[in-house]
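Visitor: Just so you know, the sequences run in chain order H and V.
With my numbering as the guide, the letters of the first sequence map in order to residues 1 to 143.
With my numbering as the guide, the letters of the second sequence map in order to residues 144 to 575.
Everything labelled a hint here was simulated from the structure, so no lab data went into it.
Treat the hints with care, as some may be off.
[As the list claims (entries may be wrong)] List time: in silico DSS-like cross-link candidates among lysine-lysine, alpha-carbon distance up to 25 angstroms:
1. V:Lys372 - H:Lys4
2. H:Lys60 - V:Lys552
3. V:Lys239 - V:Lys311
4. V:Lys529 - H:Lys4
5. H:Lys62 - V:Lys535
6. H:Lys13 - V:Lys535
7. V:Lys372 - H:Lys60
8. H:Lys60 - V:Lys528
[As the list claims (entries may be wrong)] Residues on chain H that point at chain V, a partial pick, calculated with CB under 8 angstroms:
9. Phe9
10. Glu11
11. Ala37
12. Gly63
13. Gly67
14. Glu98
15. Tyr101
16. Phe103
17. Val104
[To be verified] Now the stretches of chain V that chain H is said to cover, found in silico as 3 or more residues with beta-carbon under 8 angstroms:
18. 516-523
19. 544-557
Beta carbons: idealized from backbone N, C-alpha and C, even for Gly.
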Amino acid sequence: MSIKQISIFLENKAGRLYEVSSALGDANIDIHALSLADTSDFGILRLIVNQPEKASTTLKEKGFTVGITEVIAVEVEDKPGGFAKVMKIMQDAKINIEYMYAFVEKTKDNAIVIFRVDNIETAINTLEKKGLHILREAEVLDL
Amino acid sequence: MIWDKKHETMPNDDLRALQSQRLKDVVSRVYNNVPFYKKKMDELGVKPEDIKSIDDIVKLPFTTKEDMREVFPYGLLATEMENIVEIHTSSGTTGKPVVDAYTQGDIDVWSEVMARTMSMGDVGKNDIVQNAYGYGLFTGGLGVHYGARKIGANIIPISGGNTKRQLKVLQDFKSTVMTCTPSYCLYLAEYARENGIDFKDLPVRVGFFGAEPWSENMRKEIEAKLHLKAYDIYGLTEIIGPGVAAECEHQNGLHIFEDHFYPEIINPETGEQLKDGEKGELVITTLTKEGTPILRYRIRDITFLMPEACKCGRSFRRMHRLMGRTDDMLIIRGVNVFPSQIEQILFRMEGIEPHYQLVVSRDGQLDSLEVQVEMNERIFSDEIKKLEEMEKAIAKEIAYELAVHATVKLVEPKSIARSEGKAKRVIDNRNI
């Protein structure tokens, strides 16, 4: 039920984001969502792509440090209060969120929120019980 | 002022006779009391009776830092424990520190050579010595302390750090002598300037600076900013601490107190003794030490000896200011750091052969050490928090083991330059 996110270690220096994105572009890999977390020295670029394994191999060949992490993608109504509803469920279930980011679906009136949580199974069960839609890998690839 | 005219101005022949006698004595003591030296000498086939004059010193074995670590902690003791009154060690707890164990006689010699050192800057009974070298296992603090006590000066044992308090004490107690590392002294000057304090208004007139290499340019800067006369002093834990050599008022090289510490310059490749004036590695033998006497200690500092008579009247030869090292040791804020020590810490923490680089710079006045560690898949995490925790943990471990503050920076793989497959471990941007 979880999906694969790739994360890349980047030093804060000019041109690095371009190198990552052009390498993925050349390998014909589609980026669905991204988030960049940074400190003053380095950053971690997290990507949801259509071919995570291929993206990882491609970037490793270019000398980047790449990790693959399981995350969950939750469909959230793109309207006021939609996100709050999900957060309430997470809070009540005491699910600890390490980080998250969101993007909007092109074809539907929904947003997708990517969560990295400490306990994936519990999070998925809890959210599904409350009627939320957790995207499967195939669904993400089709976005 | 010359503290000990009898010894410090001794005619050359008398000095050589004294050195010869003292060498014979120390060699016989270590041969009979220190199995480590007996073994070394037996291996070379040299007996105490083969040492007839100071020239025979070349027959004796060298001692290295590695040797000293191997026999840690008491392997070099040449006397009974009941005669030891104090112990100091080199910085760093990685591996094993170097141990210096002093008898009361050694403390007396130490006080004596430090009194000679400070007398070179005319320190007397009326002076107030603000001693900002660290007190503790480090030899700097207590070495200066004993010397000032011997002279009968008033010593303020403030120890290192706490810059605000240093300035307050300088102002309140009207210290006339300042002792600390040269870089700390410049930091102090900078801090004073920012706080509107002008050293012109303070009575401090002389400073003794050592424990790290510094240059003529730094001397000019220190003298201009602190309005004092700055003296270079030299020493190391393995020999006694500070008090091995010091500059007289003419400041052209450092007089080695060679009635106690016999200097040689050798070719670091062959071990062959070089002539005065030839540049090479400094080697010192302790002629009078009782607790832990050392034969021909290879210091790894590069310099040359200046045998010419000095205008001050002292007959002791001088060594030129340090000109480099034969190994990769760094001195950061007075602390000796070997890249291999940091490598061991990284290896232990990450469980893999680390790719790292040490970047040393002088930000303003103080040295700073940045440890760059290349990222790899084993230590990578997609969470910033975890990577930051790792940086902090490494820095903490370095602070704990080496007593030096470092900032740790994670860098991308292969970003540390490698030449012929070997990474350059140290970039020193200090321009000392």
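Visitor: Evaluate each hint against the coordinates.
Guide: Hint-by-hint comparison with the structure:
no.: 1; hint: V:Lys372 - H:Lys4; result: violated (67 angstroms)
no.: 2; hint: H:Lys60 - V:Lys552; result: holds (21 angstroms)
no.: 3; hint: V:Lys239 - V:Lys311; result: violated (38 angstroms)
no.: 4; hint: V:Lys529 - H:Lys4; result: holds (20 angstroms)
no.: 5; hint: H:Lys62 - V:Lys535; result: violated (29 angstroms)
no.: 6; hint: H:Lys13 - V:Lys535; result: holds (22 angstroms)
no.: 7; hint: V:Lys372 - H:Lys60; result: violated (59 angstroms)
no.: 8; hint: H:Lys60 - V:Lys528; result: holds (23 angstroms)
no.: 9; hint: Phe9; result: holds (5 angstroms)
no.: 10; hint: Glu11; result: holds (5 angstroms)
no.: 11; hint: Ala37; result: holds (5 angstroms)
no.: 12; hint: Gly63; result: holds (5 angstroms)
no.: 13; hint: Gly67; result: holds (5 angstroms)
no.: 14; hint: Glu98; result: holds (6 angstroms)
no.: 15; hint: Tyr101; result: violated (12 angstroms)
no.: 16; hint: Phe103; result: violated (18 angstroms)
no.: 17; hint: Val104; result: violated (23 angstroms)
no.: 18; hint: 516-523; result: holds (count 4)
no.: 19; hint: 544-557; result: holds (count 6)
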